[in-house]
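A.B. asks: Given the sequences, and given the hints that come with them, work out the whole structure.
Protein chains in written order, with our numbering: chain U, 1 to 191; chain Z, 1001 to 1130.
The set of hints was computed from the structure by calculation and includes no laboratory data. Bear in mind that the values here come from a model prediction, so they are computed numbers and not experimental data. Beta carbons: idealized from backbone N, C-alpha and C, even for Gly. Warning: the hint list may mix true and false statements.
Said to hold, decoys possible - The following label-pair restraints were derived from C-beta to C-beta distances: (1) U/Val-108 - Z/Pro-1122: 30 to 36 Å; (2) U/Leu-159 - Z/Ala-1019: 18 to 24 Å; (3) U/Leu-77 - Z/Cys-1045: 46 to 52 Å; (4) Z/Lys-1123 - U/Leu-63: 27 to 33 Å.
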Amino acid sequence: MSPILRIWLGFAALGAGLIHLALVIGAPPGLAVAFALLGAAEFAWGTFCFARDEPPLQRLALLFVLLPLVGWIVVLLAASALHSTDVTAALRPLPLVIATLLDTVVAVGLALRMRGRRRAEESGASEPEVEPAADEHPAAPASLASTARFLLGVGAGALVIAALTTTGLSATEAGSFPSVHELNLPGLHLH
Amino acid sequence: MGSSPNRVLGTIFGAFFVAIGIWGFVLPDGGAILGIFGVNLLHNCAHLLIGLILAVAAIFGGVASARTVNTIVGAAYLVLGVAGLFLLGTPVNFLAINAPDNVLHFASSVVLLAVGLGAERPKAKKPVTR
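C.D. replies: Here is the structure:
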């Protein structure tokens, strides 16, 4: 898998993780624990994506990232059936939609990767070598062009994910706090 | 140096953090960087220190030191980005963190971690076969 694609998958998982962690604030206890576990798992998986040649635990991760999609729809339906306003208020649509979108990106990326590998195994062909780019060992120095391409790719992915995550966070309780100037915190002197 | 993603990124981020650290010091009392990002004296000092560490490791150290520092600073920012969500509006928010700060910390952390962990990784040693 191309290093840039692998890093983008990691970004998407980290973005979804941050939104799920932000949803912990103001959620009822049961839901808060679920969001915290989900966010922490997405964080761990995203970080491992950066550090490995292949995204880790691909089959499990594929199921896991689809879990929130099914989970929050089921919880929303159950809450509306039980007229539980606490739960429906905690399930804010915009952050959940964006986190689900990011999880779906991970799911599609993983599914394509697994299918490509299966096809390669079936045809008996070895996988094409990834270009020896900037993620390789320092003993094999990358060219300036490949370094620039790698950093631009990482930067572009980070910008897209940051834009989506920011939009999601702005609709959570964590993102709706007033600016630091309006908080008037004791002992806080701004410069 | 130009062909090492970790050294290039460390230099860029180091210069960026030093610049915003200095910018924070020249802001009028109660000011925010770009009118958005909340800072205070401690926050400015942290920006300066982190920027210097990143830049020194990238410029004067080798690939390994730039990679290590990028990863450590990225991990620290990730922790701060997540902790910041829970610090907003509390009296222990001693770095004057606000919501835009959290986004910036998170964005910085993922880029530093992605390059620190994902670029120029040492190859695993193959077992010796006899």
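A.B. asks: Decide, hint by hint, whether the structure agrees.
C.D. replies: We went through each hint and held it up to the structure:
The hint said 30 to 36 Å for the Cβ distance between U/Val-108 and Z/Pro-1122, and at roughly 31 Å that hint holds. Remark: the range hint 18 to 24 Å for U/Leu-159 to Z/Ala-1019 is upheld by a beta-carbon distance near 19 Å. The given range of 46 to 52 Å is respected by U/Leu-77 and Z/Cys-1045, whose C-beta atoms sit roughly 50 Å from each other. Checked against the hint of 27 to 33 Å, the pair Z/Lys-1123 and U/Leu-63 passes, with Cβ atoms roughly 31 Å apart.
The structure agrees with every numbered hint stated previously.
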